[in-house]
Amino acid sequence: MATTTNYGWTTPDDTALVKDGASAIRSLGTSVDTTTKALNPSTTLGDIEYRSSTSNTNTRLGIGSTGQILTVANGVPSWATAAASVPTNGQNQVLTSQSTTSTSFTDLTTSQAVTVTTGTRALVILSAVITTPSPADLARCRMGFAISGATTVAASNDYNLCFQGNNANAYFDYGGVSNSFIVTGLTAGSNTFTAKFLSSTGSAATFEDRRIAVIDMGS
Amino acid sequence: MAITSKEINLSQLSKELGNKGLISDFTDPKKKLILPAEGVELTDLELKAAIDNHVAIDDVAVKIAQRQTIADRLGLTADELKVLLG
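Protein chains in written order, with this note's numbering: chain A, 1 to 219; chain B, 1 to 86.
The shape of chain A in the complex, shown without the other chains (with noise of 0.2 Å):
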């Protein structure tokens, strides 16, 4: 007996005489039902299908709920609630005025970090508002970040804000100031953001309404 190419119906060969005519049809109906029954398995409303491990042969995956995204687990398409789209973050305030006169990065009296599980970039924003020692020190008054848990990397200049009294006229100069930072490199996982400060003359810098923010960007 011949069968057909795609899908192995049988049917009569050319040559063949056909003896029982009604058994050959019914039995290639037969075949044609149960192959299309086997690719189209839907059910219900909503339904979708898609190619399982067997050839010919496919699984029926219902509706999923209001809001859910088709997503792939294990292979497979399958539907799962959408992530928060919302990014991890995390905010850390000081009020209270503190001062350093360190010249190198240092806590101040409260110490003052955000802990956020990031990807490998991560959106920083430092403010503060600062005093500097007088204007003649022409002091650098710094504001910067250490990282600590799945990334190391000390305070640096390379990620800071910076203030400097400069004007002669004035006893003290007095600001709020803010900078922020696409920090890439991170390794991925709960990573500590830690304010950390200095004055770059040893003079007083005072710092208040000192505020740190982490905005986890992805990898």
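Take the hints with a grain of salt, since some may be wrong.
[As the list claims (entries may be wrong)] Here are a few chain A residues that sit away from chain B, every Cβ distance over 12 Å (derived from the structure):
hint, residue
1, Gly29
2, Val32
3, Ile63
4, Thr96
5, Thr103
6, Arg121
7, Arg140
8, Gly218
[Claimed, not checked] Taking CB as the label site, the calculated pair distances span:
hint, chain 1, residue 1, chain 2, residue 2, range
9, A, Arg121, B, Gln68, 52 to 58 Å
10, B, Arg67, A, Gly90, 54 to 60 Å
11, A, Arg121, B, Thr77, 27 to 33 Å
12, B, Val83, A, Thr187, 56 to 62 Å
13, B, Thr69, A, Asp209, 34 to 40 Å
14, B, Gly18, A, Asp209, 29 to 35 Å
Since the hints were made in silico from the structure, they are not lab data. The structure displayed is predicted, hence computed values, not measured ones. Ideal placement from N, C-alpha and C gives every residue a C-beta, glycine not left out.
Given the coordinates of chain A, assemble chain B onto it according to the supplied hints.
Positioned in the frame of chain A, the structure of chain B alone reads:
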């Protein structure tokens, strides 16, 4: 760490300690906190001794006095000097 109610000029105190970095919180004037900065080797006894010997210079008063001296030398009042300096 040291706690004091004394008048403290932190920049001056730092210099008196040999330019050692300090951190401070003067929120409560009766309990001013002073600590060594990160990586600074300074014992509590050394810090306390320096604070005991410390006589704070009022930076603002010094600046005002300097301004008056300059004004006097220029034959101006301090206010006239301030206007000229903008």
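Status of each hint after checking the structure:
In this structure Gly29 (chain A) is separated from chain B by more than 12 Å, as the shortest Cβ-Cβ distance comes to about 85 Å. Against the 12 Å criterion, Val32 (chain A) stays outside the reach of chain B, whose nearest CB is about 80 Å from its own CB. Chain B leaves Ile63 (chain A) outside its interface by the beta-carbon criterion, the shortest separation being 58 Å against a cut-off of 12 Å. A cut-off of 12 Å between C-beta atoms contradicts the statement that Thr96 (chain A) is not in contact with chain B; the least separation is 5 Å.
Interface exclusion of Thr103 (chain A) from chain B breaks down, the closest Cβ pair being 6 Å apart, not more than 12 Å. The Cβ of Arg121 (chain A) sits about 27 Å from the closest Cβ of chain B, beyond the 12 Å cut-off, so the non-interface label holds. With a minimum CB-CB distance of about 14 Å to chain B, Arg140 (chain A) clears the 12 Å threshold, and the non-interface call stands. For Gly218 (chain A), the requirement that its beta carbon stay farther than 12 Å from each beta carbon of chain B is met, with the minimum near 32 Å.
At roughly 55 Å, the beta carbons of Arg121 (chain A) and Gln68 (chain B) sit within the given window of 52 to 58 Å. At roughly 46 Å, the beta-carbon separation of Arg67 (chain B) and Gly90 (chain A) lies outside the given 54 to 60 Å, and the hint is violated. At roughly 58 Å, the beta carbons of Arg121 (chain A) and Thr77 (chain B) sit outside the given window of 27 to 33 Å. At about 58 Å, the beta-carbon gap between Val83 (chain B) and Thr187 (chain A) stays in the expected band of 56 to 62 Å.
Restraint check, Thr69 (chain B) to Asp209 (chain A): a C-beta distance of roughly 36 Å satisfies the suggested window 34 to 40 Å. Taken as a hint, the range 29 to 35 Å holds for the pair Gly18 (chain B) and Asp209 (chain A), whose Cβ atoms sit roughly 32 Å apart.
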